[in-house]
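The listed protein sequences correspond, in order, to chains A and B. Just so we're on the same page, my numbering is the position in the first sequence counted from 1, plus 54. Just so we're on the same page, my numbering is the position in the second sequence counted from 1, plus 54.
Everything labelled a hint here was simulated from the structure, so no lab data went into it. Everything hinted at is true.
Copies of the same chain look alike in the list, so a pair counts if it works inside one copy or between any two.
Capping the alpha-carbon separation at 35 Å, the derived lysine-lysine pairs in DSBU-like fashion look like this:
{"id": "1", "residue 1": "Lys204", "residue 2": "Lys94"}
{"id": "2", "residue 1": "Lys94", "residue 2": "Lys77"}
{"id": "3", "residue 1": "Lys150", "residue 2": "Lys204"}
Computed from a prediction, not measured in an experiment: that's the story for all the values here.
2 protein chains.
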Amino acid sequence: MPSRLNSTDAGFEADFRALLGAKREASTDVDDAVRDIIAKVRAEGDAALIELTSRFDGLELTAATLRVGADEIEAAHAATAPETLAALELAYERIKSHHERQRPSDDRYIDAIGVELGSRWTAVESVGLYVPGGTASYPSSVLMNAIPAKVAGVERIAMAVPAMRGALNPLVLAAARLCGVDEIYRIGGAQAIAAFAYGTETIAPVAKIVGPGNAYVAAAKRRVFGTVGIDMVAGPSEILVIADGENDPDWIAADLLSQAEHDVAAQSIMITDDAAFADAVAGAVERQLGQLSRGETARASWNDHGAIILVPSLDAAPALSDRIAPEHLELAVEDPETLFARLRNAGAVFLGRHTPEVIGDYVGGSNHVLPTARSARFSSGLSVLDFVKRTSILKLGPEQLRALGPAAMELARVEGLDAHGRSVSIRLNL
Amino acid sequence: MPSRLNSTDAGFEADFRALLGAKREASTDVDDAVRDIIAKVRAEGDAALIELTSRFDGLELTAATLRVGADEIEAAHAATAPETLAALELAYERIKSHHERQRPSDDRYIDAIGVELGSRWTAVESVGLYVPGGTASYPSSVLMNAIPAKVAGVERIAMAVPAMRGALNPLVLAAARLCGVDEIYRIGGAQAIAAFAYGTETIAPVAKIVGPGNAYVAAAKRRVFGTVGIDMVAGPSEILVIADGENDPDWIAADLLSQAEHDVAAQSIMITDDAAFADAVAGAVERQLGQLSRGETARASWNDHGAIILVPSLDAAPALSDRIAPEHLELAVEDPETLFARLRNAGAVFLGRHTPEVIGDYVGGSNHVLPTARSARFSSGLSVLDFVKRTSILKLGPEQLRALGPAAMELARVEGLDAHGRSVSIRLNL
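Chain A on its own, in the form it takes in the complex:
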């Protein structure tokens, strides 16, 4: 059964801490295996990819068939049902429009003493996009990762998607085509991450790797970080719904289950001020669980990690919510704006009773790659900013160097850095 907490109970703080601290993922220690896989790909290149893909994915490749052909991509697109294509296209356009507003502006200015300063943003040259295989091979994930990169101006996006026994999700190929991604490799796991980071004969290395993956992919990304950039290492999905008693319990139950069905380690939490409503939602969850194709997963998630927290008033919700720092936060209340103004830590917020989180997964326009595991305290969802980098600019003339030089020399002196001081003094004939 999911946890039931009441914020006025004596043991609440301890129970709430336990909820926050609970480890939801089994920590498989794959680090040694991943180290060996990376070393093998660095040493043997394509040959290692071919051998490992045979071993792990049951697929025999050659250097020539590592890359998915243009004909395969076209065929996947052609085979996609018109209504699916239309939905992907709507999502594509809305995500693109929203992310176009995220492009940062360059800044260049001259200060009061004539020093020129500034910041210039440029796109990362090349990005590797990892797409999981199997049941978690989602076309929406391709859109959410590729579109911000394209909007940022990344020239080269290479994609890796494992093809278990040869099978690729045609919708993943269709989504890639929609985004203009045509460099796709049928490889996965730590070997794909290694190929992106270090390159092989067939695959040129990239500057940054993004996209979700299993424990091997996550461990490999951590290992190659520094050699290349990486996005966040995403954990299982989470939703927090703050709901008053005026909601339809079935709507809220559906929202809680929409995250629970992702993964047995997903977490769905509701905070409400209405005990009868809490019971009604718990009942609705039970009823709906029986009707889901992924009901077993959702039930495990809800029973092991789900929680309903009763508070005397929703005034108490923001402080609890900020400690949870949820990936997704629904504010199913009459006046969501007032509540939102009091909140701080959340990856994405969904305001009002008619904004189910699922809209943000697909067609809202915002990104569905969001900080999990309480990392919304210090990080943000994927955006155009993840695909650009900033160069800071300084420009002085002789007059400005005379004005600022002595202070720089003084600080170099007290820090014991002679050569620092000299690079100024020598220009000032001091």
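Chain A is fixed; fit chain B onto it per the hints.
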């Protein structure tokens, strides 16, 4: 002797690759030791900090003396020479002014079909700032890390600085006071990082940890990443100077040495199109090396990692520079703007003959915490953005849900996520 490369030589590409790929830091494997230290601090709290500080720093503390007293901070400030204080204050004001321009703007808008979207930025609640002890205990580093956090609106900044046998650099305390940082602990190493990440009886945990440190600190930051945010893991300093033959060789030699003196693993590279000038700079470096208090360090860095690259024309410089992706890039040429427009990967650029990199270390206003080890290909220097995070916003009414819902349901359907679909369909009575 430093490497001398000529881009027209047959072996150039191989030599240049070797230069790029050379490992400059000895990789001390401290990961096991760091794991144990973190576990000990998590289990024993203050007692572990006290024991480890006694063992590693030769300093006996109690829970009451972990934190530096307000009187000590005031005394350090009072003991600072007026000219040093004035230089720190100039640096503070300039860094603050520049970083105030980096605050990101919230965005909130309603699209053509009435969907409200947006992004809201909020400050990270609390930050731990690590300051190394010993000779690398730099007041300028306190300014560069604390000011962006303050400008971002971080409410709590806690600082850790190891005090070997009790000694603290009073200028570090004076710089902290200038930045309004008064929560300072005399601890260091992996134990300080663990205390920041997990908290102890005396030290409340933080949401993000920033600041440079030795191999133990770097390994500890990598380990706690996820529990808290971290900034980049900084490597040794680097400078690339692109210089024509019209420079004073002594000026450029001084600039190359200003990075070389930091660390035997630092790297200074010059690209020039003038062979005689290259020789003159090499000679000037030799002469100046004899005059530096840190000459031994600078000599080791220059001989082991320094390089002079001769190109037939500076037209060839941007492509090489982008592959180096230097932390600091000086453009000591007649028309630096034209060259800069052709460049992409650099942490910070210094335009023209009168902008030695050292100005950026102290009083230019830009940040001196910059991406090293070629990571300017995918990352940026420290800024206000490192201390804020973004919440994305979606708000639909019934009409917008009717417009977008069917496409979301279609994508949920093809991804096999029933509960996703239901959270929309149930609201549309479908």
